[in-house]
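*Asks:* Turn these sequences into a full structure, and let the hints steer you where they fit.
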Amino acid sequence: MPFFRHAQTRFLAIALASWLLVFFLVRGLLLTTHFAEADAGFLAILRLFAVGTLYDLAFLVYAALLPALYLLLCPEKLWRARWHRTLLLFATGIGIFAMLFVAAAEWLFWDEFGVRFNFIAVDYLVYSKEVVDNIVESYPIYRLLGILAIVAGVATLALKRQLVASFDAPLLPRRRAALAFGGLLLVAGLNLAIVGQSFPHGQGGNVYQRELASNGPFQFFAAFRNNELDYRQFYATLPDAEAGALLRAEVAEPNARFVGDHPLDIRRAIDNPGPERHHNIVLVTIESLSAKYLGSYGDQRGLTPNLDVLRGQSLFFSNFRATGTRTDRGLEAITLSMPPTPGRSIVKRQGRESGYASLGQQLTARGYDSVFVYGGRGYFDNMNAFFSGNGYRIVDQSSVPDSEMSFQNAWGMADEDIYGQALKIGDQDHAAGKPFFLQLMTTSNHRPYTYPDGRIDIASGSGREGAVKYTDHAIGKFLERARSKPWFTDTIFVFVADHTAGSAGYEDLPVANYHIPLFIYAPDLIKAREVTTLASQIDLAPTLLGLLGIDYESTFFGHNLLLDAQRPGRAVIGNYQHLGLFDGKDLAILSPRRDMRRHDDALGESRESRVGADDPLIRRDIAYYQGASHAFRNGLLAWHPLKAASDGTKR
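Sequential numbering of the sequence shown, starting at 1, is according to the UniProt record's numbering.
Keep in mind that the hints were calculated from the coordinates and are not lab data.
By construction, the Cβ of each residue, glycine as well, lies at the ideal position given by its N, Cα and C atoms.
Watch out, some of these pointers could steer you wrong.
Per label pair, the in silico range of CB-to-CB distance [stated by the list, open to error]:
1. GLY41 to LEU145: 31 to 41 Å
2. LEU25 to GLU530: 42 to 52 Å
3. GLY189 to ASN255: 54 to 64 Å
4. VAL187 to GLU404: 51 to 61 Å
5. HIS84 to ARG593: 45 to 55 Å
*Replies:* This is the structure in structure tokens:
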């Protein structure tokens, strides 16, 4: 082609072609290693690679802008200089190393999450220290970097002849160079307008095929750009009056009276039966504890002997679902009783993460010492700012003396040390005659899966099984120590997962993968029994306040699971793009570009179909998320302290 006879365009073409080859190889390797999950025939594979090439080229258009600007403006004297040629050769080697590094990173990311780079990868870039430490502890990273450097060097030498030939080619005249760059800018603009996270690969269908057809770097920057999505702009809506009526029907309870005027304002006065009780609460949010790991759910590996015994001693919720796929989503749902709105969780919306009517605010207003206890450093995921701005004081790794931590890894102190801090705070508050609410977030059940030696019969760092068994061991020891405390008989212990150990699957929202356990354990206060009603994390806060008999003004989207045993269950589940409502049988999903789908028999055959806003389950789904978005944007979740004194009397 005449265009590639010139030095700058030929050099740029060689560099971009090498990137394109790496993208092709990564896609091919991922397809080969996940062929069964992709379930792709010959035509599907052709489409997968065709759509993937479009995404690859879309990313390369952006990646080429700065190099093209430099190459096209480079003066001939500088271009012909020997040192400049050496510099370009070196830059080529660095570029090849960078592309191989990205390919390796994407492979590891897929191994962890089963998808291409997405919003999780953006978060990981922000919290680089913990992530880098985790990678170093989980993988032979230095050996891997050495191998990548060698491969990059060999590839650069293999391309040297073609590169030198490009250096000797005639340069583009300035006028044609300017026109070439203008054309590239025009293509980039069209690219920005047309190609996005949901086009051309679309929504729905086989998630593995869609992810394989994507391009990791493109998805990364698209997720960074779309870290907050305006619900009304991107998702299906109903008239406010219709959505409001549906939402109020969802959150209505016999003991609730709506106090707001707007149709989408769900604020209501809650009158819980019985006297108000100020029992202590220890709410343990456990990292990545999927229900599938529990022996009482059928696992045969014996990983959770303590939790299996606890199930029979607790108020146990056997059909409980996580709302999201990340820790911050679980904390948001548990603390604020909020559905997972699109984009970032409220926990991470810096500057807008404070001042909500949280579970901690409700209890602090009644004289509780509300404390968020985290095993790591609370700046991660903006947790310290969120909890300190919503009625809690903070105890995290940075505030705990080294002498009180038996073990630390990339994510923080071991679970047994977090429980040690909880016992210490409980003793202090009990001595001061103050009820306490401790909300813990554990860290041990997370890659690199390391924990103190000698605790269990699985070696530290050997994988998820050991981390789950250590998590269970630490819970057993914690309760054993707590039973000796004078405050034990007046304390409600809650154990719940923040999310599951893996949410990737064949579909956008694989319902089975959101299954988590919920234990409420207080042998002197609450009768042990099993509740089979379908529920999710947004129901925990109102259930706890109901157990305490507390009257309050609620902004919660959940309800008290113990108030009406005949009430049909439902679960809100989602990720940063797809917003779902599961009714126990079928699943409705809302996606960007106002896409609406159903999965009938979601736990079985899961038959997907496109539907409209007249579908009853879709209408309920819209009501939840349209209402949550409206409440967030219009300040309807704000905390308004009660004027009455918190003296333990009913309000």
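*Asks:* For every hint, state whether the structure bears it out.
*Replies:* Against the structure, the hints:
| no. | hint | result |
| --- | --- | --- |
| 1 | GLY41 to LEU145: 31 to 41 Å | holds, 38 Å |
| 2 | LEU25 to GLU530: 42 to 52 Å | holds, 51 Å |
| 3 | GLY189 to ASN255: 54 to 64 Å | holds, 57 Å |
| 4 | VAL187 to GLU404: 51 to 61 Å | holds, 59 Å |
| 5 | HIS84 to ARG593: 45 to 55 Å | holds, 47 Å |
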